[in-house]
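J.: Chain by chain, the residues:
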Amino acid sequence: MRTATTPYPIWAPATRKPAALAPTTPSRRATAGADGDAGFGMARSEPEGSVLEVEELCIELEIGGRQVEVVSGVSFRVGRGRTLCLVGESGCGKSVTAMAVLGLLPPRKSRIASGAILFEGIDLVRLPERPMAAIRGRRIGMVFQEPMTSLNPTMKVGEQIAEVLRLHLGMNARAARREAIRLLDRVRIPNAARRADDYPFALSGGMRQRVMIALALACSPTLLIADEPTTALDVTVQADILDLLRELQHESGMALLLITHDLGVVAETADEVAVMYAGRIVEQAPVAALFDWPEHPYTIGLLGAIPGLDSRELLTPIQGTVPQPGTMPVGCRFAPRCPFAIRQCREETPPLRPVGDGSRAACWRAPLDDA
Amino acid sequence: MRLLQRIASILVTLLLLSILVFALQQLLPGDTAVILAGEDRSPETIAAITEKYGLDRPVPIQYLHWIGNVLTGDLGQSMRLNQSVANLILTKLPVTIQLATMALLFAIVIGVSIGIVAALKANTLVDHFVGLIGTLGLSVPNFWLGILLIMLVAVQWQWLPASGYVSPFEDLGQNLSSLLLPSLVLGTHVAAVLMRHTRSAMLEVLNADYIRTARAKGMPGRHIVFRHALRNALVPVVTVGALEFGQLLGGSVLTEFVFTVPGIGKLIVDSVFNRDFAVVQAVVLVTGMFYIVLNLLADGAHLLLDPRVRHGGRP
Amino acid sequence: MTAGPVLEVQGLTKLYRYAGGGWFGRRRAGVFRAVSDVSFSVARGETLGIVGESGSGKSTVARMMLRLVEPTAGRVLLNGEELTGVPADQLWRRRRKIQMVFQDPFASLNPRLSIAYHLREPLIVHGLSSGSEAQARVLEMLERVGLTERHARSYPHALSGGQRQRIAIARALAVEPDVLVADEPVSSLDVSVQAQILNLLRDIRRSTQLSMVFISHDLGVVRHVADRVAVMYRGRIVELGPASAVFDTPRHPYTRALLDAIPIPRPGARSRRASPATATPAGATPAAEGGGCAFAPRCALAGAQCLEETPALADVGHGHRSACFRADAVTPPVVVRPEETEATRRLRRLQSRFVTSIADAA
Chain A
195 MRTATTPYPI
205 WAPATRKPAA
215 LAPTTPSRRA
225 TAGADGDAGF
235 GMARSEPEGS
245 VLEVEELCIE
255 LEIGGRQVEV
265 VSGVSFRVGR
275 GRTLCLVGES
285 GCGKSVTAMA
295 VLGLLPPRKS
305 RIASGAILFE
315 GIDLVRLPER
325 PMAAIRGRRI
335 GMVFQEPMTS
345 LNPTMKVGEQ
355 IAEVLRLHLG
365 MNARAARREA
375 IRLLDRVRIP
385 NAARRADDYP
395 FALSGGMRQR
405 VMIALALACS
415 PTLLIADEPT
425 TALDVTVQAD
435 ILDLLRELQH
445 ESGMALLLIT
455 HDLGVVAETA
465 DEVAVMYAGR
475 IVEQAPVAAL
485 FDWPEHPYTI
495 GLLGAIPGLD
505 SRELLTPIQG
515 TVPQPGTMPV
525 GCRFAPRCPF
535 AIRQCREETP
545 PLRPVGDGSR
555 AACWRAPLDD
565 A
Chain B
86 MRLLQRIASI
96 LVTLLLLSIL
106 VFALQQLLPG
116 DTAVILAGED
126 RSPETIAAIT
136 EKYGLDRPVP
146 IQYLHWIGNV
156 LTGDLGQSMR
166 LNQSVANLIL
176 TKLPVTIQLA
186 TMALLFAIVI
196 GVSIGIVAAL
206 KANTLVDHFV
216 GLIGTLGLSV
226 PNFWLGILLI
236 MLVAVQWQWL
246 PASGYVSPFE
256 DLGQNLSSLL
266 LPSLVLGTHV
276 AAVLMRHTRS
286 AMLEVLNADY
296 IRTARAKGMP
306 GRHIVFRHAL
316 RNALVPVVTV
326 GALEFGQLLG
336 GSVLTEFVFT
346 VPGIGKLIVD
356 SVFNRDFAVV
366 QAVVLVTGMF
376 YIVLNLLADG
386 AHLLLDPRVR
396 HGGRP
Chain C
217 MTAGPVLEVQ
227 GLTKLYRYAG
237 GGWFGRRRAG
247 VFRAVSDVSF
257 SVARGETLGI
267 VGESGSGKST
277 VARMMLRLVE
287 PTAGRVLLNG
297 EELTGVPADQ
307 LWRRRRKIQM
317 VFQDPFASLN
327 PRLSIAYHLR
337 EPLIVHGLSS
347 GSEAQARVLE
357 MLERVGLTER
367 HARSYPHALS
377 GGQRQRIAIA
387 RALAVEPDVL
397 VADEPVSSLD
407 VSVQAQILNL
417 LRDIRRSTQL
427 SMVFISHDLG
437 VVRHVADRVA
447 VMYRGRIVEL
457 GPASAVFDTP
467 RHPYTRALLD
477 AIPIPRPGAR
487 SRRASPATAT
497 PAGATPAAEG
507 GGCAFAPRCA
517 LAGAQCLEET
527 PALADVGHGH
537 RSACFRADAV
547 TPPVVVRPEE
557 TEATRRLRRL
567 QSRFVTSIAD
577 AA
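Protein chains in written order, with this note's numbering: chain A, 195 to 565; chain B, 86 to 400; chain C, 217 to 578.
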């Protein structure tokens, strides 16, 4: 176990709130997620139930030799025990945002230009690498999109889980192995004790993703980030994995930041939704409100573009394509594809502002009527 | 199954190798018996050789005859030294193997570690500097490097002997110091090759998804490099290293000559100059065999490092 | 128009023999049945959707129809003419009438050749037109897929994923085929672009009487484009019927499991899955070897017979066929249909603006 005398306060047990760090900004909106697990009772000096708060985050990537802003002023929060879905199409910046939270952006090719990422009150943007590493895998777990390549091919899966337990929880080899098998069993891998000695190539994609989830949950993190965790899987496997995630979240009370492009997954998983388009959040709302009464034209178009199981109406495709990073239009970035756009949309960037019902939309035309 | 296939293919390769070596003898202009006789061209010797190798019989029979001798360990007779070639190789080969092993160790320690550093510092000044050194290592001829080191280290500073060889059974310390310079010279090229391979393999592995996973697990940097990346990166490097070892065995000619180390390389040079053809033929055969065996060993190492191959999965 | 199907596939089968592997012979040699005895037909102007998960053999079926993969057994008839068994030098002429569009449009375009070249080449090869006539036809094709002359002069890398797929479709249609085989044509596209392509394919079908075989893992997409649907599982068609019947009243437990698994983009559309259709998670158990229904190990309805005999595709009424002994026991999926409310009406009205704007642009 780490002692409290380590130079970085976050290495102290999670219940201890470091006094040295400034208190976080107060919550703008009370979340319903006050049912966190009892183990964190001491930490409740933070704003009610908020595990992660991202504030005005701007990220630049080096693309073709120049710095291009790919995430522009993104803000969101994830309440304790709640699920926030970041949804958007390819290139909208949702994965980059997730990687930034874990400090996993490629070091020399990317830069957090401005903004803050507050995890339990600690600003991860300004955190040095070593204490950041102590948070990764311990207090924030991550599941990636590619189950086939995300596990080390030359290491037994049980060992890959056990090494996290040894590192973060100081377990000895035997205890770590026992715990790894228990975790494999918990993510419903049949014959866990035998599977622990398998190499990744011997497992199917769905089974590998279960191993990844076991790995991410090994140290009971307070936040799980899942980046398109089911996109590479068959639908029946996807359903199993989503069920599993939901169930584990319910058991452990962890917060979930789920990144996906699939509005079906959003509808069945999210508490809150943030829709991203071309590096910005264009709409943010509780899940029911987003699907029932969307306010941003992009969300409206997207909902009409999904071929559903129960309708054969004409789909409403959004004309044109997503703008490339570096060639963003002035004003609202959706304006060139938007049937509701007016002149103001092409000149000024609309702020993300309340449009009622806990929803916020970045649209000059919101609330949209049928004009 | 696969092991049997491997062995069968090795046997076929060895057969082809022996035919090639034998054909060399046939391709040389002039009477084979005269060639084999070397400097001594007395009619008795030539007649004896003709009879011994059945040189008056058809070529395929000659081959069978020859291969039969080789298989029973009779590689012929060195006319110059008046010794059996097998004996000669047995005394010279250990010297070369020691030299090549030391060179390889040097190359692995230097090449792999610098390769790792270069990969970790990719596209920085360190990396560019290492790249330059690597290019130098590849392009500097080793006889030149040998002479330079002899002049500096042995003559100028007198740290190490300039040439000669001491058997390890006589004095291990002297043996090592006598082979140190030659092994550095011999290993430089391989070190540069290994460095480049390690760098590119490491770079590829460091960008792999499972390294990202290891980072997301909060693994410390050195743990990621040595436990997760290196093993995967070494898979191709080991194969290269094993093949380079064969290269070292056959490529020690100049180095042994410059440092007058009495190994296989020096033997073959002396034999070529003295037209001791039986020895040349045998050395080529033995070196070729080494290559093939090393190839097999490289596959074996691959097997140990990569569980996908080990368990018969698709790699 | 001749009566009878445009495309008929009879007993299509593909076996892959594999050698034993492993250094110490741990893998046994054997035969892998990628596709077993697949039969269906497609009428003129009809779209048949084939759905299935990875490893179901759906892509192999598509490739065998064009003989890009040689079938082990079975026949493919196009307008009554056999494609199978025809020598390679005669095949290409007949193959003009059946064209294919692949998932990755970039891979099927040569980066060094212009879009115009890609579209002109099949016209010239098949001797349909040449010179200025071909050029005019190229522009006509581009227009048909919603592109312009400007795109004809560009190269594949300059186009977006959706535009490349439009090119692939234009190229396939340029030679006036009777059948278009589309293998996951929209899987690599974003939802908003995917809808553009799906609408395009729909328009083309309406205007040309083109028959289509549309292969996808996405049931929503297939529901949207197909008249009839075949559901494949481990190399066999397990259910085949009119799209509405298959989706609303499935008669095979696997189809039911698939339908239950799709996330519906409407919160509360389903109470919670907890479907009894799959007893064990996918991938946890191997397929039954030898006899028996391949789905039986995962099936909650499976009885003793299911483990011993392979069920044949049998008629269950109204052109609907199912390969299940317990087809009668399969219940329809429980989905809460959307109510007509102020909110749904508003959303439809707003969404219709997107459609209008496209009509304006075209």
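Just so you know, not all the hints are guaranteed correct.
Pair ranges (Cβ atoms, derived) [said to hold, decoys possible]:
hint, chain 1, residue 1, chain 2, residue 2, range
1, C, S345, A, Q518, 32 to 42 Å
2, B, N208, A, T425, 58 to 68 Å
3, C, R312, B, T209, 40 to 50 Å
4, B, V369, A, Q261, 57 to 67 Å
5, A, T425, C, Q226, 33 to 43 Å
Just so you know, the hints here were simulated from the structure itself, not pulled from any lab data.
Treat the numbers as computed from the prediction; the structure is a model and nothing was measured.
By construction, the Cβ of each residue, glycine as well, lies at the ideal position given by its N, Cα and C atoms.
J.: For each hint, tell me whether it holds in the structure or not.
T.: Verification of the hints:
1. S345(C) / Q518(A): 32 to 42 Å: holds, 36 Å
2. N208(B) / T425(A): 58 to 68 Å: Violated - the Cβ-Cβ distance for N208(B) and T425(A), about 31 Å, lies outside 58 to 68 Å.
3. R312(C) / T209(B): 40 to 50 Å: violated, 57 Å
4. V369(B) / Q261(A): 57 to 67 Å: With a Cβ separation near 59 Å, V369(B) and Q261(A) satisfy 57 to 67 Å, so the hint holds.
5. T425(A) / Q226(C): 33 to 43 Å: Holds: the Cβ-Cβ distance is about 37 Å, inside 33 to 43 Å.
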